[in-house]
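Visitor: Assemble the whole structure, with the sequences as input and the hints as a guide.
4 protein chains.
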Amino acid sequence: MINVGIAGASGYTGVELVKLISNHPKTKLCAVTSNSYKGKSLTDIFPSMRGFENLIFESLDIQSSARKIDIMFLALPHKISMQYVPALLEQGIKVVDLSADYRFTDAAAYESAYQEHTSKHLLKESVYGLCEIYRDSIKSANLVGNPGCYPTSILIPLLPLLKEDLIQTDGIISDSKSGVSGAGRSLSLAAHFCEANESFTAYKVGSHRHTPEINEILSIHSQQKMAITFVPHLLPLTRGMLSTIYVQTKKGVFEDKIRKTLNAYYAEEPFVSILDKNMYPAISHVKGTNRCDIGFYFDENTKKIIIISTIDNLVKGAAGQAVQNMNIMFGFDETAGLNAFQGPL
Amino acid sequence: MINVGIAGASGYTGVELVKLISNHPKTKLCAVTSNSYKGKSLTDIFPSMRGFENLIFESLDIQSSARKIDIMFLALPHKISMQYVPALLEQGIKVVDLSADYRFTDAAAYESAYQEHTSKHLLKESVYGLCEIYRDSIKSANLVGNPGCYPTSILIPLLPLLKEDLIQTDGIISDSKSGVSGAGRSLSLAAHFCEANESFTAYKVGSHRHTPEINEILSIHSQQKMAITFVPHLLPLTRGMLSTIYVQTKKGVFEDKIRKTLNAYYAEEPFVSILDKNMYPAISHVKGTNRCDIGFYFDENTKKIIIISTIDNLVKGAAGQAVQNMNIMFGFDETAGLNAFQGPL
Amino acid sequence: MINVGIAGASGYTGVELVKLISNHPKTKLCAVTSNSYKGKSLTDIFPSMRGFENLIFESLDIQSSARKIDIMFLALPHKISMQYVPALLEQGIKVVDLSADYRFTDAAAYESAYQEHTSKHLLKESVYGLCEIYRDSIKSANLVGNPGCYPTSILIPLLPLLKEDLIQTDGIISDSKSGVSGAGRSLSLAAHFCEANESFTAYKVGSHRHTPEINEILSIHSQQKMAITFVPHLLPLTRGMLSTIYVQTKKGVFEDKIRKTLNAYYAEEPFVSILDKNMYPAISHVKGTNRCDIGFYFDENTKKIIIISTIDNLVKGAAGQAVQNMNIMFGFDETAGLNAFQGPL
Amino acid sequence: MINVGIAGASGYTGVELVKLISNHPKTKLCAVTSNSYKGKSLTDIFPSMRGFENLIFESLDIQSSARKIDIMFLALPHKISMQYVPALLEQGIKVVDLSADYRFTDAAAYESAYQEHTSKHLLKESVYGLCEIYRDSIKSANLVGNPGCYPTSILIPLLPLLKEDLIQTDGIISDSKSGVSGAGRSLSLAAHFCEANESFTAYKVGSHRHTPEINEILSIHSQQKMAITFVPHLLPLTRGMLSTIYVQTKKGVFEDKIRKTLNAYYAEEPFVSILDKNMYPAISHVKGTNRCDIGFYFDENTKKIIIISTIDNLVKGAAGQAVQNMNIMFGFDETAGLNAFQGPL
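Protein sequence lines correspond, in order, to chains L, E, X and Y.
Anchor point for the first sequence: position 209 equals 209 in the numbering used here, and the numbering is continuous, going up by one each time.
So the mapping is simple: the numbering used here equals the position in the second sequence, first residue as 1, plus 1000.
So the mapping is simple: the numbering used here equals the position in the third sequence, first residue as 1, plus 2000.
So the mapping is simple: the numbering used here equals the position in the fourth sequence, first residue as 1, plus 3000.
Rather than coming from a laboratory, the hints here were simulated on the basis of the structure.
Hints may be right or wrong, so weigh each one.
[Stated by the list, open to error] Quick list of in silico lysine-lysine cross-link-like pairs, DSS-like style, CA-CA up to 25 Å:
| no. | chain 1 | residue 1 | chain 2 | residue 2 |
| --- | --- | --- | --- | --- |
| 1 | X | 2040 | Y | 3277 |
| 2 | X | 2120 | X | 2094 |
| 3 | L | 303 | Y | 3225 |
| 4 | Y | 3204 | L | 303 |
| 5 | L | 303 | Y | 3303 |
| 6 | E | 1303 | X | 2026 |
| 7 | E | 1204 | Y | 3040 |
| 8 | X | 2028 | X | 2094 |
| 9 | X | 2303 | E | 1204 |
| 10 | Y | 3303 | Y | 3163 |
| 11 | X | 2038 | X | 2094 |
| 12 | E | 1040 | L | 277 |
| 13 | X | 2260 | E | 1204 |
| 14 | X | 2028 | E | 1225 |
| 15 | X | 2225 | X | 2204 |
| 16 | E | 1257 | X | 2204 |
| 17 | L | 40 | E | 1277 |
| 18 | X | 2026 | Y | 3026 |
| 19 | L | 225 | Y | 3251 |
| 20 | L | 204 | Y | 3026 |
| 21 | E | 1225 | E | 1251 |
These figures come from a predicted structure and were not determined experimentally.
Guide: Shown next as structure tokens:
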């Protein structure tokens, strides 16, 4: 049994963490923080969270945290995370940071997309928390940078193909679509019901901050500088994400090789499924789960593969993967607390 | 550990039962039946149900069932249930029937709303499975008629007030609203996306079959013939139900008395919550849970109370309550397998 | 051809007015005002409004307005309207005010629900703009208080029955449901996509400000103090409103009399339809139109009638009725500019 | 004034045609046909279509049609259209066919995607009704094959770039997303509210029948065999379509050249808009209109352009473009009857 704190627990990702941690067999939820709702109970703010009437939002206080918790999840905006992480680590508290602050190895890449990094030295020891890929490093990590939702949906199918040298490194396109919860609980016109409902649009075309994150990881694995074309879109639904990824195979690589590689790579993974030929995933198939479902089509004429990858942006794309990272860090069964599923509706 | 069968497991209620039973600590799911999908696996039909690749839909066969199961849930249409229940009981299998076939005590009331009843003798021994009210009878029941979704949302708040003689028995109105999943998975124009989306309407005004079910239970508890006004409406959302109930209080009954009565009645109930003054429930607060949340407003001028009651039509309104009934019948912890919740989104 | 100004044109009601006025055969749109978007074009703010690139939001300036416009629509919040109306009238500009400021005859009723009224003397000359009922007074009015959306959906079916003395004046209940656009374009958690989507709830139970508005009009027509029970709910859809109204008929009044009365009263009305027996309206039937569709059920046992009334909250419930009022004030064909319709989808 | 017939008027496209034609200043709607609803009025089937109580669905009878109509719109499934078109033309009736039957020049291409063509000789004289591109041929056409919705959204932005030789002809990808109305009013599990709502998925990956239609038109204009990668997806909304198109520019072609070309090509077109730099269209911007809005991003690094193109699948993607074709065929103002718009909501 370990003691857990969740900072930023009044956002959609934070409350998803509360839900997962409170159902987890090996954890005790000891502290939740929120600047906006300090002093209120979790149930006050989220009436669906019955039974949390005594869990009161505190402000984030490193000293008091140190006395009681083994791991802190930070569901804070980037830049804010950096203000707390060094002190948490010094207190011997392990950290899974869900912001972008510790996802990058290359500080310059981070700084060009975000802002000045105030604890660059930690980028060397932080581990990118894409569990299926970085499991071994995560085991001994004290600081995990939990991947972005879009990167998760894109990197899981691409990395095995890249490692096996089956695909061209240039010309990769990911046309990705996310539900509105990806924009968080903060108010904005784009997330106003009447503006998002019955509409659909691309946004931040050519400038989304997840692009350098994706590119850095791809580049590391291919050992060359890679730059994908990434276009995010906003779906009129609450939770879920689907990426349609277009990739050119290398000469002599055919459908069978692709399938065998993906199957082999993920055969033992509890949360990644490679669908059978002619089967494609839907957001409804993974909603409320920590799964990533992947289907693909091989075009005989163009030798392109079209990969369809889907996750729940709040689970495998955020809180679920964060818990999976914790499970790895503490040697728990990797699926502990992550077996719930929502069913077809 | 008991062995469970689910008949009609390819409908929305049936698959919700599969989900609950497979997460239940005391049950083993041994058989699922479906006429439409015989021979297919559950995962074939519901790709979100990963891990059920080996659970194959059978046709309903009483003899083979008898050898392996302790309890059968029937998520079948009314009339079809009646064809199987007598034989199941004879085989010593306990039954929770989710159709209307065994909800009535009065065969004539059933027959006027549905059709001829072919096992009237069983109506005497079947118990109406509204758990919080009929718990004692359910304990020893072999056959439970699981309540309708609308009746559940209406009877839970009304029955304590009626028993304590706080409300007038005439003039009760329930203006109820249900999500589209209440209509099931069968195709219909009313459930066609383009027809239900961005619309809202009343249906079966003055003729919904849940009316006599509600009236019978109310009449039994008030020991007089009662007839409420009930108007169901179709909401453009998938799951959830909310009833707004208008009731005249008896002379001398004020807000405080109502609140004390409801609080006292449901204080120890794990699945029923009486909200504080000025708090009203929303469908999102109970979605994915077995809860019934109740808020009310007392109008000083008219001495009316306006009760807002909300449930998830597929859980407390169907599969969840069915499992709760099973828990009572077998002496399990009543909340076993029913603690999952979906969180705010 | 008359010159029209629209104040508050950057809200949902305001832009609906822009749409209607710009398609109207007898009007020229001369000015639009917006505090938030001064200097921007209408198309900048609403990209769907192609062709309005040169219509620039101004601040509201009575002097400059006076030189060019014949009528001003005020789609402003209550209290703000009062600041401008007296001066507009002094300049000889006719006004249709869509706020609540000039809907009341009784200043005290207004003040108890809203705030101090700063131009009480105008309440005597302002006309309540429920077109089908107050047409004669509207013809010569200089100031029209455009009705609230909920009152419109409730009063249209009730007033004829009240006038003909067919219904009991006490015990009337309206269970009303509105789309999210009724809450306007301002940001709020209740209108955040993830909070409203897949949910449904009652709000302002017992305290909605449309209640005194409804009560005042009912009281005037029944010549006695009336107070209805009114419960508004929030639907997960963008536009449309449906009220389910429960009324006790007077002794000796049966279905036939009700139907004849409503049919006779609205036979010649282009925007009000009384549906045939067993037909009930849906929001999708009136979306995008200025219509009010009404169906009803007479309960033989209780002698109650259940009236289902539906409008588009932005059209007949706001901008459309405002234009209808203008048509009456200027002697235009009452349907001018209001014949567009959206079709089934 | 011309006389118009609409075959298949009880589908979503058919009823959209009824709406447009009945609002058109130069047309009289003389006949509507429907196999399913013969003898019923249009208002019976679509209660939102008030005022069409006397428009009765007939069965399609060429002889009786010949006496009264100048043009017939066929909103019938492919294969069914072919059964009527030759006889209609023989009777001197002009035809706009909204099925795929007369969209192809190459009968073999049609037959490989659909079925045997029973009036191949007409493919030479039928004109592909993409108005902005084939206007001159449409003027004198007796038979127009109205384009598919996906092809419309893709070809409008691509054809000018292809004609001016600015883009590579291989490697074009269109990731397209459509609302559920694109699947029509026929019942299917995919269009069941509970299955489509809160989900999103790709479908017919690598096999959608609009692919050969797109390829044929592209090939004609580039004078070489082209084959794009096209992946359609299903959006959880009723109407609207958005295509995200990825194209490699030719050497030496930069953003400015692309912009100038598209602007020049569509400068005078009433229904096509090229958005300013950094502006991207949303489905809500064109819903209910005959417009195609196009935004694009030029990636300096890869020299790719990302084009975002959006239409209302029922209007510019079907009924609206059909009416636009009629306007061209009869020499009417091309925008006649097509100026309505829905506004931001």
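Visitor: Hint by hint, note whether the structure agrees.
Guide: Status of the hints after comparison with the structure:
1. For the hint pairing residue 2040(X) with residue 3277(Y), the CA-to-CA distance comes to about 18 Å; that is within 25 Å, so the pair holds.
2. Simply put, residue 2120(X) and residue 2094(X) have alpha-carbon atoms about 18 Å apart, close enough for the 25 Å limit, and the pair holds.
3. At roughly 17 Å between alpha-carbon atoms, residue 303(L) and residue 3225(Y) fall within 25 Å of each other, so this suggested pair holds.
4. This hinted pair checks out: residue 3204(Y) and residue 303(L) have alpha carbons roughly 18 Å apart, not beyond 25 Å.
5. For the proposed pair residue 303(L) and residue 3303(Y), the alpha carbon gap of about 21 Å is at most 25 Å, so the pair holds.
6. The straight-line distance between the Cα atoms of residue 1303(E) and residue 2026(X) is roughly 51 Å, outside the 25 Å bound, and the hint therefore fails.
7. For the hint pairing residue 1204(E) with residue 3040(Y), the CA-to-CA distance comes to about 22 Å; that is within 25 Å, so the pair holds.
8. Proximity of residue 2028(X) to residue 2094(X) is assessed by CA-CA distance (about 15 Å); at most 25 Å being required, the pair is judged to hold.
9. Restraint check for residue 2303(X) and residue 1204(E): satisfied, since their Cα atoms lie roughly 18 Å apart, inside the 25 Å limit.
10. This hinted pair checks out: residue 3303(Y) and residue 3163(Y) have alpha carbons roughly 19 Å apart, not beyond 25 Å.
11. As the CA atoms of residue 2038(X) and residue 2094(X) are separated by approximately 24 Å, the hinted pair is consistent with the 25 Å bound.
12. Distance check on the hinted pair: residue 1040(E) and residue 277(L) sit about 18 Å apart at the alpha-carbon level, within 25 Å; holds.
13. For the hint linking residue 2260(X) to residue 1204(E), the alpha-carbon distance of about 23 Å falls within 25 Å, and the restraint holds.
14. The suggested pairing of residue 2028(X) with residue 1225(E) is violated, with an alpha-carbon distance near 64 Å, which exceeds 25 Å.
15. Distance restraint check for residue 2225(X) and residue 2204(X): the Cα-Cα separation of roughly 22 Å lies within the 25 Å cut-off, and the hinted pair is therefore satisfied.
16. Only pairs whose Cα atoms come within 25 Å are accepted, and residue 1257(E) paired with residue 2204(X) is accepted, the gap being roughly 23 Å.
17. With a CA separation close to 18 Å, the supplied pair residue 40(L) and residue 1277(E) stays within the 25 Å bound.
18. With a C-alpha separation of about 21 Å, the suggested pairing of residue 2026(X) with residue 3026(Y) holds against the 25 Å cut-off.
19. For the proposed pair residue 225(L) and residue 3251(Y), the alpha carbon gap of about 22 Å is at most 25 Å, so the pair holds.
20. With a C-alpha separation of about 44 Å, the suggested pairing of residue 204(L) with residue 3026(Y) is violated against the 25 Å cut-off.
21. Among the hinted pairs, residue 1225(E) with residue 1251(E) is consistent with the structure: their alpha-carbon atoms are about 21 Å apart, no more than 25 Å.
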